[in-house]
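A.B. asks: Sequence:
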Amino acid sequence: MSDVVTTIKSSSNPDVAAAAAQFLSQVVIDSQALVLNGKQAHWHVRGANFIAVHELIDEIVEHAEDHADTAAERVVALGLPIDARVGTVAAKTTLPELPAGFQPAEVMVAVLVASIDALLVSVNKAITELGAIDAPSQDVAIQIARSLEKDRWFLFAHIATV
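Using the working numbering, you'd call the opening residue of the sequence shown number 1 and step up by one each time.
Rather than coming from a laboratory, the hints here were simulated on the basis of the structure. Incorrect hints may have been included.
To be verified - Across the chosen pairs, the derived CB separations fall in these ranges:
#1 85 x 139: 22 to 28 Å
#2 106 x 65: 21 to 27 Å
#3 18 x 106: 19 to 25 Å
#4 48 x 79: 49 to 55 Å
C-beta: ideal position from N, C-alpha, C; glycine also.
Using the sequences and the accompanying hints, generate a full structural model.
C.D. replies: As structure tokens, then:
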């Protein structure tokens, strides 16, 4: 007989855990979608400023991976599972679809800015809703928002006219 425990035990209130999972799950899903779309954009971006945008997108993908991991680990630490399988991400993401094939840098940047904006909607909802429920989970969302806003700024600077 095995002594391995397969059910995660948490000291967290089950209602708090469920609420945190409700809001952080969408952050995980949308962050994972940004990872997938970001890599697609990274491989297919074209134009005079190719290398700068190509490398910046890779950094944004790394950040999105970290955001998904941080939010998912918070949910799991509270004792609940997270579903970020490819099918779930595809079905539940709020991010806009990335155009297929090679695209000018301006197009890829604009779509990625719109993607970060959509992700920020999920993150800001988590911040608002978790404020009265679970401060540590809210803090996770605040940290993600801060990073996303910086990434958005860096991307937007490539297409801004002034």
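A.B. asks: Per the hint of 19 to 25 Å, is the separation of the Cβ atoms of residue 18 and residue 106 within bounds?
C.D. replies: Since residue 18 and residue 106 have Cβ atoms about 42 Å apart, the given range 19 to 25 Å is violated.
A.B. asks: I want to verify a distance hint. Is the separation of the beta carbons of residue 48 and residue 79 within 49 to 55 Å?
C.D. replies: About 51 Å separates the Cβ atoms of residue 48 and residue 79, which means 49 to 55 Å holds.
A.B. asks: Has the hinted range 22 to 28 Å been met by the Cβ atoms of residue 85 and residue 139?
C.D. replies: Holds: the Cβ-Cβ distance is about 27 Å, inside 22 to 28 Å.
A.B. asks: Assuming the hint says 21 to 27 Å, is it satisfied by the Cβ distance from residue 106 to residue 65 or not?
C.D. replies: 25 Å, holds
In the structure shown, a violation is registered for the earlier hint numbered 3 alone.
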